[in-house]
Each structure stands twice: as structure tokens, then as C-alpha cells.
Amino acid sequence: MAYVTPFTYRQGQSLLHLLDVRCKFFVICIISMSLLSAHLPACFFYFLVLLLFFKKTGLNIFATLNSIKYFILLLFFIFIARALTVKGDIIFSFYGMTITEQGLTEGFLVAFRFFLVMLTGLLFSSTTQPSSVKSAVQWFFKPIPFVPEKRVAVMISLSLSFMPVILKQAKEMSDAQKARCGDLQKNPVKRIIRLVLPLLKKTFISADRLVLAMESRCYNDDRTDPEFLPSGKETPFLIGSFIISLNLVWL
Amino acid sequence: MSTIMQKFIIDINAICHTFSDGYIGIKNISVSISKGEFIILAGKNGSGKTTFLRHLNGLLLPDSGHIFVNGHDVSKHLIQTRKTVGMVFQDADTQIVGDTVFDEVAFGLENLKVKRTEINKKVTLILENLNLLHLKNRSPSTLSEGEKRKLAIAGILVMDPEVIMFDEPFSNLDYTGTLQVLSTIIKLNQSGHTIIIATHDVETIICEATRIIIMEKGLIKEDGEPARLVKYLESYGVKEPCSSKFGMGLQPWLT
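Just so you know, the protein sequences line up as chains Y and S, in that order.
Position 148, counted from 1, in the first sequence is what this note's numbering calls 148; the numbers after and before it change by one each time, with no gaps.
Position 140, counted from 1, in the second sequence is what this note's numbering calls 140; the numbers after and before it change by one each time, with no gaps.
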């Protein structure tokens, strides 16, 4: 069975599930850019909006937070780093290191912005089928000259479908090595080399087989265009998203 | 194109293929295949079965000799050939392109630039016929091995080929998976498709086959009716079916 990550698509009938993927893609871009310059009150306001969408889509926020705990740990390090490096009014000092009031505020703000971008991405990926992401990328690249948009779309699709195969192969190889007491090898570099080299070889062989399979099914760049199914709620959703973006920038 | 060529769906004239490292894949093979035949291509590993199949799909081109599919030279009509002769590969995992079952089946039709409405109609019909419709939004990686193999067949079948080739279709399958795939192949043959199966394990399908071709070291050693050739199988490194060994003739595996 496939490994379910917090980014895995979950079926549903919520507003976010039904929206045209191009609209979601566009909104996620403008919201993420607006978040870069958002202040603390605006961030809190957006967090509440996100919580509302989590509830509407049926995603459990606590389970989601649990599944991204390592990312949250990374955000904590970002917070600490900012707190220690930004100059300002000193709150605490030890062994030559100082924690400033401005550092704490800025560290919290930067970490919070990243956290919100992450949650937005999670909402997007868990309500959007990977195949429609590929179609949206193809649609957005279409007007750009010298970009083979259909080839890019197929590459995205292949990456998405090949990832579970590579993970499965890595797990099988790791288990096969463990079965022969491979974990007695204490040197982590040697252990990685023993796993990575055969995995790379196997991946290249699999890629070669995939090329043959695609060729046998007449693969070429001149393919049927993807289909989009707008729900009719895209315009109000876009207007609402613009208002939120302006809020993030100006509040 | 001669009238003799048009009598057969596939006509192969003295093809040879040597790989870039000097390994001889196939030597001087000539064979003709008629519409509706069910052929087993038997032989031990490295006998040239897969190389032979890849020539029929135009994935490999012969160094010498010619292959005609429906009277057209394969080397000059690759797309036409691949529309007529579909190939299901041995490892289902490495031939899956789409990220949902539906996308996977639609891939071939998208390559042929078929209209979207037509694609939706054809894919739904094929998935329904192969009992895969309930899985259409699932990721192929979450399917069982038998379902993956059926999905690979659906991906070929949707392109409406006249000939379907299978490379070791029962490898890595459990009993249920083998049953699913075998009954699908039999139904395809009954609906008029020409079937060519390359395998070193003939027991499962020999009773359904109308012809068996035995290969060794890139050469066709035997070609004829399964009942007549079954006793020679072991001399070419292929296991003779148990029923034949015990003097019970050829018994159907699928009961």
C-alpha cells in the first residue's frame, strides 16, 4: 500500500475540492507572496481563515500538526536563530549571545509566516488531485515561449507516479541488507553508499523500462490538452482571496 | 505490399538483431501470425523472447530482414504498428505513467490526440469491462499486483489494438492475480484479439493456446500445435505441464 503523507490527496466534496485547480494555483501564489510582507495581526487573521477551511474540508488540524512536527521543529530553530541574530533592545544575555526584543518578535513572525505557507500548501495538496496539478502547470506554461509545457506536465506526472515505486524499492533494498546483518555496519557513509548506489542503478533501469513502455504507447509531445471542470464558484473565491491578500499586505 | 503479406496480421521475414555489445538477440527468424491466434512464445531466460516481442512493436528494429504488420513495414510505420500491436510489459510498476487509474488508461489516447470527450467515454468503457471502474480515482501504486497487471492491459486495450503481446504476464502474481489476468486474456482472445504471450512457465495457458513457438539462443526451434510440441518443452529448458507428464493430456488451468 502507498505511504500516506500529510500532502496526500484526500477525496471530498468541499468548496476547495470542487474549485478549478487553476484558480487554486493562482490563489496559493498570491497568498504566499502576500504572506512574505504580512504583519502579526494579519497573520493571525489568516490563520483563523485557514482553520475555517480545515474544518470545512474535514481535515483534522491536530493530526496535521502532528504529521508536520519535524517541520515545526525546523521553524523553532529559525525562531531561535532570528532571536539570537537580530539586533535591538537586549532582554537576556549569556556567553556573549544576546536575545533581543526585536529578535523575538521578528523570529516569531518569520516562523509564523512559514508555518502559514506550509498550512496553505497542505490544504492545497490534500484537496487537489495530482493529475490536475499537472494540468494546471501545463496551462500556466502554455503562453510562455520556448517552454515545452506538455513535456513538463508529463515530467511532473512521472515524478508523482514514480516516487512510490522508488520508495518501495529503497525499502526492499534496505530490508534485504538488514536481513544480511547490514545494520551491523556502523559507518553511516558506508551504509548510505551501499543503499544509494544499487538504488540509483535500479532507478535508471526502471526509467529505461518506463521509456520503452511510453514509446510502445505512441508517446509524443503533441498530446490531447487537459480538461478543466470549473465549479462556478471560482469568481467569488478569487475576489475573497484578493481581499485576504490585501489584508495581509496592509493590515 | 504483396497479397501473401496481407493474409497474415504479422509477417516476419528473416529478421536478425545483434545488440551494441555484440550479444545476438535473435537470428534469422521468419514467422507469420494470423488474426485471432493465441500463441505462446516459450523458452528459457535469455532465449530471445522479449527481444522478439519488442521487434513486433517497433521498439527494436531488425538489423536485417523485414516485419510487416497488416501489410505495412514496421520500420516505416511505427505509430500505425503500435496502434495495431500493443505490448504489456513484465513489470507493471515500471510501465505505469499516470497518477490515477483513469489517467493511466487515458495516456495512450492522449498521445494519439483523441478528443477529451472520446477519451472519457473509451476509458470508462474499458475500466468497466475490466472491473476497474471503482478504482478510477485511485493511485496505481495502491493497487494489488493483479489489479496493476489488469490496469496495464487496460492501458493497451483502450488503444484498440488487434494484437496484444504479454511479456511474462503471470510473474509475481498470486493465485487470485493469476486468475484475474488469465481470464482477462482468454476473454480478449474470444473477442477476436490476437494474443502472443512470452513465458517460460507455460502450464497456466497452454490449454488455451492454438500455437506454441519454442525459442532457444535467438532461434525458433519449434513451431506448431501445443498438443504435439508439449513433450519437447523440457529439452529446451521449459517445464512440461504436470497433466501432460502424468499422461492426462493438456488440462485447463482455469476451471
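Where hints are given, some of them may not hold.
Said to hold, decoys possible - In silico DMTMM-like links for lysine to aspartate or glutamate, alpha-carbon gap of 25 Å or less: (1) K136(S) / D89(Y); (2) K202(Y) / E168(S); (3) K150(Y) / D167(S); (4) K202(Y) / E227(Y); (5) K168(Y) / D91(S); (6) K113(S) / E172(Y); (7) K83(S) / D160(S); (8) K150(Y) / D89(Y); (9) K231(S) / D160(S); (10) K83(S) / E106(Y); (11) K122(S) / D225(Y); (12) K83(S) / D20(Y); (13) K202(Y) / E118(S); (14) K142(Y) / D63(S).
To be verified - Negatives, chain S to chain Y, calculated, CB over 12 Å: (15) K44; (16) F89; (17) D91; (18) E110; (19) L112; (20) E118; (21) N137; (22) R138; (23) S141; (24) S191; (25) D223.
I should point out that these hints are in silico values taken from the structure, not numbers from a laboratory.
The beta-carbon is built from N, C-alpha and C at its ideal position, and this holds for glycine as well.
Checklist entry - Is it true that the CA of K83(S) sits at most 25 Å from the CA of D20(Y)? => result Roughly 34 Å between the alpha carbons, so the hint for K83(S) and D20(Y) is violated.
Checklist entry - Would the pair K122(S) and D225(Y) pass a check requiring their Cα atoms to be no farther apart than 25 Å? => result Measuring from Cα to Cα gives roughly 16 Å; hence the hint holds.
Item to check | Given as non-interface: K44(S), which should sit over 12 Å from chain Y by C-beta | outcome: holds (21 Å)
Item to check | Restraint check for K202(Y) with E168(S), where alpha carbons must lie at most 25 Å apart | outcome: Roughly 20 Å separates the two Cα atoms, so the pair holds.
Item to check | Hint consistency between K231(S) and D160(S) [alpha-carbon to alpha-carbon, up to 25 Å] | outcome: violated (36 Å)
Next on the checklist: For K202(Y) and E118(S), compute the direct alpha-carbon distance and say whether it is at most 25 Å.
Outcome noted: This hinted pair is violated, its Cα atoms lying about 37 Å apart.
Next on the checklist: Holds or violated: K83(S) and D160(S), Cα atoms, limit 25 Å.
Outcome noted: Given that 25 Å is the threshold and the Cα spacing comes to 7 Å, the pair holds.
Next on the checklist: Between the alpha carbons of K142(Y) and D63(S), is the straight-line distance 25 Å or under?
Outcome noted: violated (41 Å)
Checklist entry - Are all beta-carbon distances from S141(S) to chain Y longer than 12 Å? => result violated (4 Å)
Next on the checklist: Holds or violated: K150(Y) and D167(S), Cα atoms, limit 25 Å.
Outcome noted: Violated, at roughly 30 Å.
Item to check | Interface exclusion of E110(S) relative to chain Y, criterion Cβ beyond 12 Å | outcome: Label violated. Min Cβ-Cβ 4 Å, cutoff 12 Å.
Item to check | Agreement of K168(Y) and D91(S) with the hint, judged by alpha carbon distance not exceeding 25 Å | outcome: holds (14 Å)
Of the numbered hints given earlier, the model fails hints 1, 3, 4, 6, 8, 9, 10, 12, 13, 14, 16, 17, 18, 19, 20, 21, 22 and 23; all others are met.
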